[in-house]
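Visitor: What follows is the residue order along each chain.
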Amino acid sequence: MDFATLLQILDSTLRLSAPLILACLAGLFSERAGILDIGLEGKMLVAAFASGAVAYTTGSVWIGLLAAIGASMALSAIHGVASITFRGNQLISGVALNFLAAGMTVLIAQSWFGQGGRTPSLFGGARFEPVTLPFAESLADVPILGPIYADLLSGHSILVYVALLTVPLTWWVLFRTRFGLRLRAVGENPAAVDTAGVSVVGLRYASVAIAGLLCGIAGSYLSTGLQAGFVKDMTAGRGYIALAALIFAKWRPWYALGACLLFGLLQALALRYQNLDIFGIPLPTQIMDAAPYILTVVILAGFVGKAIPPRAGGEPYVKER
Amino acid sequence: MTQTAPAAEAAADAPPAIELRGISKSFGPVQANKDISLNIRRGTIHGIIGENGAGKSTLMSILYGFYKADRGEILIGGKPVDIPDSQAAIRAGIGMVFQHFKLVENFSVLENVVLGAEQGGLLRPSLARARTLLTQLAAEYELNVDPDAKIENLGVGMQQRVEILKALYRQADILILDEPTGVLTPAEADHLFRILRGLRDEGKTIILITHKLREIMEVTDTVSVMRRGEMTGTVKTSETSPQDLAERMVGREVLLRVDKAPATPGETVLDVKNLRVVDDKGVERLRGVSLNVRAGEILGIAGVAGNGQSEILDVLGGTCTATGTVLMNGEEIDLSGKHSDGRSRRRRGIAHVPEDRQRLGLIMDFHAWENTGFGYHDDPAYGSGILMDNAALREDTAGKMERFDVRPPNPALAAKNFSGGNQQKIVLAREIERNPDLLLVGQPTRGVDIGAIEFIHQRIVELRDAGKAIILVSVELEEILALSDRIAVIFDGRIMGERLPEETNERELGLLMAGIDHAPDDRPDWQVVEEQLKSKRGEVN
Amino acid sequence: MDVMPRWADVILVPVISIILAFAISGLVILGIGENPWDALTTMVSGALGSTYGWGYTLYYATNFIFTGLCVAVAFHARLFNIGGEGQAALGGLGVALVCLAVPWPHWALALPAAILGGALFGAFWAAIPAWAQAWRGSHIVITTIMFNFIAAALLNYLLVNTLKPQGSMDPATARFPEGAHLPTLAEMLNPIGIPFSGAGPANVSFVIALLACLLVWVLIWRTRLGYEIRAYGHSEPAAVYAGISPRKIIMLTMMISGALAGLMAINNVMGEAERLVLNSVEGAGFIGIAVALMGRSHPLGVLLAAILFGFLYQGGAELALFTSIPRELIVVIQALVILFTGALDNMVRMPIEALFLRARDRRAAKASAEPPAGPEAKTEPAAR
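Chains as they are written, first to last, in this note's numbering: chain A, 5 to 325; chain B, 4 to 544; chain C, 14 to 397.
Honestly, I wouldn't trust all of these hints.
Said to hold, decoys possible - Once the Cα atoms are required to be at most 27 Å apart in a straight line, the calculated DSS-like pairs of lysine-lysine come out as: (1) A:323 / B:37; (2) A:254 / B:153; (3) C:379 / B:37; (4) B:341 / C:261; (5) B:284 / B:341; (6) A:323 / B:153; (7) B:239 / B:37; (8) B:276 / A:323; (9) B:276 / B:341; (10) B:71 / B:419; (11) A:323 / B:215; (12) B:82 / B:71; (13) B:37 / B:215; (14) B:71 / C:379; (15) B:341 / A:323; (16) B:284 / C:261; (17) B:153 / B:284; (18) A:254 / B:71; (19) B:82 / B:37.
To be verified - Label pairs and their computed distance ranges (CB to CB): (20) A:312 / B:125: 22 to 30 Å; (21) B:91 / C:371: 24 to 32 Å; (22) A:315 / B:337: 40 to 48 Å; (23) C:191 / B:362: 57 to 65 Å; (24) B:282 / C:40: 52 to 60 Å; (25) B:91 / C:369: 50 to 58 Å; (26) A:315 / C:371: 36 to 44 Å.
Think of the hints as simulated: they come from the structure by calculation, not from any bench. A virtual CB, placed ideally from N, CA and C, is assigned to each residue, including glycine.
Looking at chain A on its own, in the form it has when it is part of the complex (with noise of 0.2 Å):
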């Protein structure tokens, strides 16, 4: 494998990452809130076709991007009425709005565009194109550093260098403010914050809100930057990807990045070699698609440290003397 190739591979693996940073970091909010959140599949789901239908039909991106973050914290509102105000399994209604997304996107595709459940193809300004950082043409032909710079680093949707601010953003908010303190602490124990006079369902709220907010990005990036409009279920798992890398990083933020680093890498090589070989075996593609999952059961066992999620996940808050 010759450099230029590891840099293709590598500047892939950062495109595939940037979403699954993204919906990661979604579920990190949430979950860090206690409020478990299954259903980041479906909330990029429905971005991916808002972003995609409204910047076509707008021909702006921009608005595209506000239309997609506007339909995931729809889909967030429910899940924080269902599991916030009505105390229902948050699990089942992940589950709930998955499937509601992967109804809802395709049924509204073929009524507004009759494709068969896909948009048009975007091109121009529905799109979100490559940015070009400063100096990575000059810098371009500096040994080593030149390419890193200019092939890998420059070049991507602006979209991707969100993902990546967002991880350090994200660290500095749980650890830094007051707001970071009392949303770890309502998934730790919600008694706690309620009898010190904050609102558990106020901080909740707000955590499965960033979680739209998020989730609508990363949606937005599928089909406006990574691909060039929104295709059925072109979301593929990576929700369930992204949850995983979430466990793989035990809920932390610069762990999330590197779990989702790890992950994008798989999907890069799988994209780029039908099979693969590691020493003389034979790695055939689909192990590839199904060693994130095996990766996470792996770290779910506790073969590889234990993942301690947030005491109070999954647990409605009830008042109790």
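The hints should help you fit chains B and C onto chain A, whose structure is shown.
Guide: Below, chains B and C without anything else, positioned relative to chain A:
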């Protein structure tokens, strides 16, 4: 006995710190509070005493904004206030220390104190400011806690201090403590009372909710008694007596003594040697416990909750693994292998009335008849092969309900629909009628109404008289003293000593429960305990 | 006392939830510019109006009975098995291997063997997440989700690389031998004089599914194991107190659950396709969740809910054929049913409970001349 505080005299003309007017609250058909009116003067310690379920906690939850009263008015410092949530209660200057602490286990003391009362959006300045204030408060009220310690590494006494600090940090003028001594040793409780007196002398108003007469007599200035959701009277503590309060609590004279003949113990049924239990956090819960029980004898285990008595029941009942040797009728039982489960124990003639009957002893959503088979569901009398004979179970339950006076005697009713006393009778009937060689009983009368207490005590004594061995665990010293033929005191996973009930008293047992087995010197109990606590803290950190 | 009478809990609440789910589905149809009433009549006539329709409706219902029972059994132990999809896929593999291994002379011999194969493979696929939960404490929901994806990758690999007959381009196994052909309902009913369309794929598996309902009912409410499963589901610490091993219950419950999902393969793989194709389960595992929730984890409820979803599936296919409403409408209805009967249960329940409470207060007020309930009444509410 405490004198009325000077601050209270000075404030006699001032409006009361808290005034309640006609507070009523119902939950569905159940009226938890009926038309309650109350005045509490500033700078006093006011006790509210009543049996379990008398409505004390509901009343305080209304004060702290957890529930909204159906009717009535709350006045703080003479001004009517509306308390829809905890936030409003905190603004009104009310702080609350709950029975079950409301702390975030994996946060530091500092983070817990600051939570909800941060200054500004950034964390660091808030924490720095809190650290300064905490040091001041600690010096002022003897509330020393390491601000950077994680809550999960602190003992319960320390955690309680954090709760008090939380309230003080929020500048509470009125401090409500709900059953604060349930998890404390008598001496730790004494230290708490000293803190409370100090707070009172600074002009704070303190409400102490408890069902223990001793505490009321020791620390309060005034006391209100609640019974069945009603306030039956408020008196000055100096003008009342424990007997008077007890009668007001239950509405009739109470029998604190149990009628029982002297025990005639037979052969040793259970012989425990060097029992050790390590919990999943790696903490040693039992550090070499040895004891024995003979046929026809009740061995009481006294101790503050959390010192290992539950683990003794768990190991003997088969729900927890251990090392050591346990001989049951001379034969060794399996403590950690394939036969260390409840089923094997039952086969060996050990029956177990668990401490927490609602969580362990019963399936609350199951019918009474299904609960009668609980733990014995593989009994051939309840079915054949893999099938269960539900009709046989129902019939058996009806008989048990009649013999144990369970009301209502309806086997089809779900366990959750019985009162605490009747739930306990269902469990007792199931375990006692198995005619076990050894009965383990944990907290037999917790949350049980007075009438049922007598019945339950009688049944336990009857089983003893039938020549069975009994181990009784209770946090109520009175119950231990009244029922036991022999008392073992447990502290920090060790048996501190054994005493005969007729040769000991609450004070001696109390000191043993605090881990002090030598004759106390001139220092007051609390000082001895404080030192113990300090040395223990050093061990943990 | 319970706030509501039993009939309200068991029938009224779910029925209202389902009505809400369907009302919103109607609005969705309106929203995409179609007429909900026309859609409904199309579905009814297409799915129930002929024995041809019934042949499909019952075929789908058979799948959903198996997957619904799979989820329901696990629910009784308070285990949320989202892995029905993967377990049914593995069941398909088991059935295919059994059917291809022997040149079966008659279906009556092949069927028991296939049942065994499907059940074993399904149970195996559920046993791994069960083991991970019972011994390693990992969350069964997450692991079963992961195992769905792993199953998909595994079958994909096997069908593309090993099971595909030589020279075939199609990622599928060879066709099963003639002797493994299961009689369809038409083949069973026509000889005894009942006319039934031969086009529908409903087959003898439907009878097996009904039998499975009965057996699950016996298991849950009439056996010692069922008693232990329910006790464990209500309270793990109490189960341990009673000497019930959580590990045993988790393993057995999940394996029974997985076996039921695996059994689905005798219907779709052996009864219909007669070979194993890619993605043979087609989401039936997930519909099991909706079916179990709607049927309140009771076999009779599961049966009724499965038939309703069978109707929706067949009706949805007819809709896609004759109108411009895509089949995905069914996915939306399925989502709404899960949402309302599962996650938003309290939204329906709370107002109804309030109504019953008010009615009772009114009765109590009328009877207030009589003395109150007496010492048995609890003075403080139990924490919920």
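Visitor: Work down the list of hints and note, for each, if the structure agrees.
Guide: The hints, checked one at a time:
1. A:323 / B:37: 22 Å, holds
2. A:254 / B:153: 20 Å, holds
3. C:379 / B:37: Answer holds: residue 379 (chain C) to residue 37 (chain B) is near 20 Å, not above 27 Å.
4. B:341 / C:261: Status holds; Cα separation ~13 Å.
5. B:284 / B:341: 23 Å, holds
6. A:323 / B:153: 25 Å, holds
7. B:239 / B:37: 22 Å, holds
8. B:276 / A:323: 44 Å, violated
9. B:276 / B:341: 20 Å, holds
10. B:71 / B:419: 25 Å, holds
11. A:323 / B:215: Holds - the C-alpha atoms of residue 215 (chain B) and residue 323 (chain A) are around 26 Å apart, at most 27 Å.
12. B:82 / B:71: 18 Å, holds
13. B:37 / B:215: 23 Å, holds
14. B:71 / C:379: With Cα atoms ~26 Å apart, residue 71 (chain B) and residue 379 (chain C) stay inside 27 Å; holds.
15. B:341 / A:323: With Cα atoms ~40 Å apart, residue 341 (chain B) and residue 323 (chain A) exceed 27 Å; violated.
16. B:284 / C:261: Holds, at roughly 24 Å.
17. B:153 / B:284: 15 Å, holds
18. A:254 / B:71: Violated - the C-alpha atoms of residue 71 (chain B) and residue 254 (chain A) are around 40 Å apart, more than 27 Å.
19. B:82 / B:37: 22 Å, holds
20. A:312 / B:125: 22 to 30 Å: 28 Å, holds
21. B:91 / C:371: 24 to 32 Å: 28 Å, holds
22. A:315 / B:337: 40 to 48 Å: Violated, at about 33 Å.
23. C:191 / B:362: 57 to 65 Å: For residue 362 (chain B) against residue 191 (chain C), whose Cβ atoms are near 59 Å apart, the range 57 to 65 Å holds.
24. B:282 / C:40: 52 to 60 Å: For residue 282 (chain B) and residue 40 (chain C) the Cβ distance comes to about 55 Å; the hint holds.
25. B:91 / C:369: 50 to 58 Å: 32 Å, violated
26. A:315 / C:371: 36 to 44 Å: About 38 Å separates the Cβ atoms of residue 315 (chain A) and residue 371 (chain C), which means 36 to 44 Å holds.
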